Amino acid sequence: MDFDGLVRDFPDLTTTGLEQGAIYALVALGYTLVYGVLRLINFAHSEVFMIGTVAALGTWQVMGYNQNSSVNGIGIILLLLLAGLAAAVVASTLTAVAVERVAYRPLRRRNAPPLAFLITAIGASFVLFEAVGLFSDDLGIGGQRTPFGMVDVMQSETLVSIGGWDITNTQLLVILSAIGMLVALDLFINRSRLGRGIRAVAQDPDTAALMGVNKDRVILLVFVLGGIMAGAAALLWNVTYAFSRFDVGFLIGLKAFSAAVLGGIGNLRGALVGGLLLGVVENYASGLFGGEWKDFTGFVVLIVLLMFRPTGLLGESLGRARA
Amino acid sequence: MLLEIENLTLLYGRIQALHGISLHVNEGEVVALIGANGAGKTTTMRAISGLRPVASGKIIFDGHDVTKVRADLRVIRGIGQAPEGRGVFPGMTVQENLEMGAYSRRDRAGIAQDLAMVFDLFPRLRERQRQAGGTLSGGEQQMLAVGRAMMTRPKLLLLDEPSMGLAPMLIQQIFEIITRINEQGTTVLLVEQNAQQALSRAHRGYVLETGSIVKEGSGQELLHDPAVKEAYLGVA
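Taken in order, these protein sequences are the chains called A and B.
For the first sequence, counting from 1, position 315 maps to 315 in full-length UniProt numbering; every step adds exactly one.
For the second sequence, counting from 1, position 176 maps to 176 in full-length UniProt numbering; every step adds exactly one.
Bear in mind the hints are in silico, worked out from the structure with no lab data behind them.
Each hint should be verified, as a subset may be incorrect.
What the hints assert, rightly or not - Restricting the straight-line Cα-Cα distance to at most 30 Å, the calculated cross-link-like pairs of lysine-lysine (DSS-like) are:
1. A:Lys215 to B:Lys68
2. B:Lys215 to B:Lys68
3. A:Lys215 to B:Lys58
Bear in mind the structure is a predicted one, so any value in this text is a computation, not a measurement.
Let's have the full structure, built from the sequences with the hints guiding it.
Okay, here's the thing in structure tokens:
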């Protein structure tokens, strides 16, 4: 164990942890929203995220930027960020909606048991990432089933330095955008009419119907919202790591799902708390035990925490989540 | 006729819950549907509001066949329901619960007017406006459920056991309010185990036994019917 290393790198590990945690949190929102309304874990959500990373990468390639390009000038950076964001959000949202239409809605119509949904979710996930893996060569986004390189849109440089605590431009972008998105989503769910419809279906679907709420439309809406959040997460991932893979969603999805459970599944703010906490704990662990212990420790902490708080840290349902 | 049900059958899996029941509700009436536990009262209500698909038969509302219309669209057509167990949204405030009743309405002025009308009927709800629905007492939740159904501006108000679990004084109060709602122009179909109160307030009534209608008549007729007395009013 390297206590000195942990102490020495503490500030860096914290910011890196928050940065990764912010991405987990955005993806976690998708799990939590769908769970809140359908009591279903959308295991294909990891692919909603992956498709977002690929769409942004593809858009940058079409614009003439690949892993060998260098980006100069704030104007170009902004242009690439916005184009990447638009592509990722659109692609992720369409994927989320397609999964709902193809894998879930037909089962709902037939009153299928929960296990059937679980299997179609896993099936949809495999089909999507295998398809990207198989066709990535033909699409020109990377070799078949290999990592995809991409342009480093934002060269990481230290923006703020307080004492020994350096915060880079990308870290700040990632953390602030994630928090901003969450606040916007929280306001939407708690203040808007459609948000109230989502909460109504989450709390009592039958009574919601008696109020004139169209459940199918609410379900579509939560998939759309989850897709938007995952698309934003995908862009932030690309900016941070300048790399993707056909199966990049697997570990991120698993961690985001864990983050959602850690914070209390069905609870929006819980997704943020769970995501940030998981990111930070993982990074402290890698400082303490070495990088290869990161995932191990993260999940040990998850298991231990759930033993003591089975409903997660903020453990309330989406419907009850109110300040 | 505002509501007409023809020969309705309904299945729960392989168990037949309704065996071809027919009933009707005229505009301006209060109609009571009484019966013991498990007779199919709540099932009938859920079929009318569209929460349960029917196996056969017809539900005609306001001149249109709504048998296959989705529940959320029946609300827009004018069927409002305070469901069994009240169905208050626990995490929403009283105000938000009431606004949920107006979910599919766009007439801001009308909504504000109806909100004032509900607060007028239930002054208690005005006092609790900002309180979460889940923290209300049983009686308050019942008021909220009825008020919320009124916020849909229903032509037909379905009330499923409005007296359930309430103290005698509150039961009296709820039924008085139901009469007032009816006098203000809303047609009411009421399911009750408290046959005494329901029949004395209703213009007409039906008696439901194991999924079939066994008797119908005016409220007073049923109230004085020996068989009804023995079975539902607790007097021999």
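Here's how the hints hold up against the structure:
Restraint check for Lys215 (chain A) and Lys68 (chain B): satisfied, since their Cα atoms lie roughly 16 Å apart, inside the 30 Å limit. Taken as a hint, the Lys215 (chain B) and Lys68 (chain B) pair is honoured in the structure, with Cα atoms around 28 Å apart against an allowance of 30 Å. Annotation: proposed proximity of Lys215 (chain A) to Lys58 (chain B) holds, straight-line Cα distance about 24 Å (limit 30 Å).
Violated hints for the displayed structure: none, as all numbered hints are satisfied.
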